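These protein sequence lines are chains A and B, in that order. Residues 1 to 560 (this note's numbering) make up the first sequence, in order. Residues 1001 to 1341 (this note's numbering) make up the second sequence, in order.
No lab work stands behind these hints, which were simulated from the structure alone. Just so you know, these numbers come straight off a predicted model, no measurement behind them. A couple of the hints might just be wrong.
Here are the computed distance ranges between Cβ atoms for each label pair [claimed, not checked]:
#  : chain 1 : residue 1 : chain 2 : residue 2 : range
1  : B       : E1239     : A       : G286      : 53 to 61 Å
2  : B       : E1239     : A       : N111      : 24 to 32 Å
3  : B       : D1172     : A       : Q20       : 46 to 54 Å
4  : A       : G108      : B       : Q1104     : 55 to 63 Å
5  : B       : S1014     : A       : Q89       : 22 to 30 Å
6  : A       : E206      : B       : D1203     : 38 to 46 Å
7  : B       : D1054     : A       : L81       : 27 to 35 Å
8  : A       : L81       : B       : K1032     : 38 to 46 Å
9  : A       : L176      : B       : D1203     : 32 to 40 Å
10 : B       : C1267     : A       : Q89       : 57 to 65 Å
11 : A       : D139      : B       : P1307     : 48 to 56 Å
12 : A       : A132      : B       : K1032     : 57 to 65 Å
Yeah, the Cβ is synthetic: ideal placement off N, Cα and C, and Gly gets one too.
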Amino acid sequence: MKVYDVVPGLEFDAERDLAQSPAWFLDATHSVPPWTPMFGWFWINFCRHGMQYGAEKLSLPTVHGWDWRFMNGGGYLTLLLVKSEEEKQRREVEFRKAILPLIQDYDGIWNGFVKEILGRYENLKTLDLDSASNIELLDNFEGTINTCRRMWEIHMYMMYGTYTAYILFENMCRELAGIDDTSPVFHRIVSGFDNKVFQVDRRLWEFSKIASDQGLASVFLENQELDIRGKLEESEKGRNFLKDFSEFLNEDGWRMQRMSEMNLPTWVEDPTPPLSMVKQFILKGGSFDLDNERNKRILEREDAEKQILSKIPSEQRAWLEPLMRLAQKSGIFSEEHDHYLDLYTHAMMRRSALGIGRRFAKSGTIDNHEDIFFLIPDEVRRAGLNPGSFDLRYIVDRRKSDWMEWQKTPNPPAILAEGFDLDQAMGILVKSNDPIALKVVVGSMPQVRPELKADLYGTCGSPGVAEGTARVIVTEDELHLIKEGDILVAVSTSPSWTPVFSMIKGVVVDRGASLSHAAIVGREYGIPVVMNVFEGTAKIRSGQRIRVDANLGAVYILDK
Amino acid sequence: MAKKWIYWFDEIDSDFNELVGKKCANLGEMTKLGMRVPPGFAISVDGYERFMEDSGAGEEVQRYFHDNRHEINRVGKQVEASREIRRIIESKNLPQEMAQELRQSYASLCDQVGLHDLPVAVRSSGSVSMPGQMETYLNVRGKNEVERKVTQVWGSAFTTRAIAFRLEKSMDIAKTPIGVAVLKMINAKCAGVVLTVLPTTGDMTKVVVEGNWGLGESVVSGEITPDQFIVDKTCGECEATISSKTKMVCYGPVGTRVAEIPHDLRCASCLNPDELAEIVRIAKDVEAHFNLPQDMEWVIDQDLPFPENIYWVQARPAKFTKKKQDESQYLADLMSQIFRM
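From just these sequences and the hints, can you work out the full model?
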């Protein structure tokens, strides 16, 4: 029945959609485990819009962006390729003009967007949801929808532009200096930069110092993570600490525990995750790791920059150097955009939706305020102004039982037309030259080198060699299992995983490319990262000793 | 009927670049935009080619280059070639029919302005930009003189610099299509340039006007320190630097000459506030029309009342902080190529 469609117009329809494109890929990074219906509605509609907006705004010669479908809580995507040669050429001419502003004033443009989007958030936050009228409440929700839409426009315009520069720099390093993006020299050039995510981590470290200075360390160390807040409330010093901490959260804590979902509390609602990070820092003691690491990285970077520039004929340096600066921004953007864009917008979506959820629950429209995540915006609008006149529980019930079903059976990683295999599908992605496909989704294929006798072969995300205990982590809620000196093994990582990088010795991820989260953060912390091993989480078990040699792209399981 | 080779400025625009050269096409484009340009006409490359063919000059030039093809890369030979070819071209008279048409056009220009033997400028107008490589003759009077200067402009396509330039760019050395602009000389009180961007910094919030007494050549050539006015595009705030100007360019009996500026004018501003404001206003309009910073040349006619006294002789995209622009464009080109792999 139509009324149960989660994303009307964009539900996966095997017959029609496979005729449009023979290969649809599951976005495993963002839609495993399966999304709640409301979150899926936001993501499918607007991430899709943003990708096409970015591709059109920049007139990318070969792609119109990506198309998305929703199926059982999973997001499936496929490329929209530019078909005719003539159109490619026309778009290329436009591209050369469209990319210029980003080349000439990258920082100005990015900072302008950050200002714009932060302004929108401030605006949304001014409404006191519980005393607002129904009209104001619905208006706030509509504003959130528009903010999400705008967020994805900025997101994808910047991402396409930034990664295009990065790819060119990679190519130029290979052509002019014989250095490719799996080389340690290359990684040194693109690391050693501060960004907002690291700044937040640094603040958490500062709070660990404050806690120790105030004699509160024992409250952190002697209590379970969940109890820390309550125990702090019991003393004057603890209450003062929490006051400062919530001020910090109000500024930087508008982020989700799971990056791409809205049914878990934000840090502002539940400070347990950041407080447990403070605890980790107290446990470790000493200075903020990243500061020391960063200073080392900066020196190494400057050295690597000189090394590469010296290999370039002087007349080429005039443009290679600005290109290098531009490529270096890719890492900063990759991390920072999660903070300012995805995480913050999702926190705003949750805030606004819960405001309506509470109103609906009070009127009996739904049973529980969190049931709002099982409605989609059209249904919210249906009851928005007169919640008491509508009973939407039948929709919630059915969607909720569907959603619980989705959790039981994993979505297939790709849906392919008959006679079409995964290799062919990957081939299309690579040939598209889509910067996001190349740098985030596919990456380069690992080279299997039998002479190394490794158990897994991958590519270098961050150079180095390490040996330690493997810790296989599937979802964010298992992150606390990681112990100092472990080697993290995961499908992929996201910004909410960043703090554990200060504890681990190395990373192995099934999927990823040089601009994936694990690579960028691994480089900043100076730990080896091997990516695109495909079967890491399947072949490695927690507790096994493993050795990773990122320079060679090899992983060895030492006690089989 | 033979091919049309003379065009009035209001018959052409920037689509005629190839046919009449950039200078003429630009004058046409400005006419189309409603800007006041000196009345005049354009001679297309067809005129040049017809002259070369009908007068026999073309054949002689081809023969000369063929005979000297082994030596032409030597600078000394290029100097000699230039002298020889210009001699060949300038020695030829305009074929009768062409001469008649040119005289007719000049006569109707004189009628239009209402002056007998109207002084005109005869300027080269190449379709490829070759700055300073071709000649311009100012203050040309009478039909015979106009005829002679037109053939001299054609000959100037073969200056040593132009020959070297063509060799360097691997352009066909004997074929060098060139247009000519014939336009009324303005009896200039003062003249100069206006840029809608500060060329040194790329600051697009300002307009800079530079001017001197007399003809614009003194300002364009950069030989004197002109008056300078930097005007803010939004608030109109003006920062004026009035220089002590000692020399200016004005008409001589033939061509132009450098003259002393009378003492009482040396430290006076060459533009009054109304004229300055009008120049800035038009420059901003033109910039908005092309959506690109402009580099324009203006002349104030001393015989006409304000604002009819403001004439425009050039409008082109401004070059500013050129290096940065070029590198960015180069990077953009390289980036576009990664989609071709």
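Next item on the list: State, for the Cβ atoms of C1267/B and Q89/A, whether the hinted interval 57 to 65 Å holds or is violated.
Entry: Holds, since C1267/B and Q89/A (Cβ atoms, about 58 Å apart) stay within the stated range.
Notebook entry, point to check: For the pair S1014/B and Q89/A, does the Cβ-Cβ distance stay inside 22 to 30 Å?
Noted result: 23 Å, holds
Margin query: 38 to 46 Å was suggested as the range; check whether the CB atoms of L81/A and K1032/B agree with it.
Written below: This hint holds: roughly 42 Å between Cβ atoms.
Notebook entry, point to check: CB of E206/A to CB of D1203/B, is that within 38 to 46 Å?
Noted result: For E206/A and D1203/B the Cβ distance comes to about 41 Å; the hint holds.
Notebook entry, point to check: Is 55 to 63 Å a correct range for the gap between the Cβ atoms of G108/A and Q1104/B?
Noted result: 58 Å, holds
Notebook entry, point to check: How does the Cβ-Cβ distance of L176/A and D1203/B compare with 32 to 40 Å: does it lie in that range?
Noted result: 34 Å, holds
Item checked: CB-CB spacing for G286/A and E1239/B relative to the 53 to 61 Å hint -> Since the Cβ atoms of E1239/B and G286/A sit about 57 Å apart, the hinted range of 53 to 61 Å holds.
Next item on the list: Take a look at whether the Cβ-Cβ distance between A132/A and K1032/B falls inside 57 to 65 Å.
Entry: Given a distance of about 58 Å, which is inside 57 to 65 Å, the answer is holds.
Next item on the list: Take the C-beta atom of D1172/B and the C-beta atom of Q20/A, compute their distance, and say whether it sits inside 46 to 54 Å.
Entry: Because 53 Å falls inside the window, the suggested range holds.
Margin query: Does the beta carbon distance between E1239/B and N111/A stay inside 24 to 32 Å, or does it fall outside?
Written below: 30 Å, holds
Next item on the list: Note whether the CB distance of D139/A and P1307/B lies within 48 to 56 Å or breaks it.
Entry: 53 Å, holds
Notebook entry, point to check: So does D1054/B sit 27 to 35 Å from L81/A, Cβ to Cβ?
Noted result: 57 Å, violated
The structure fails hint 7 only (numbered hints given earlier).
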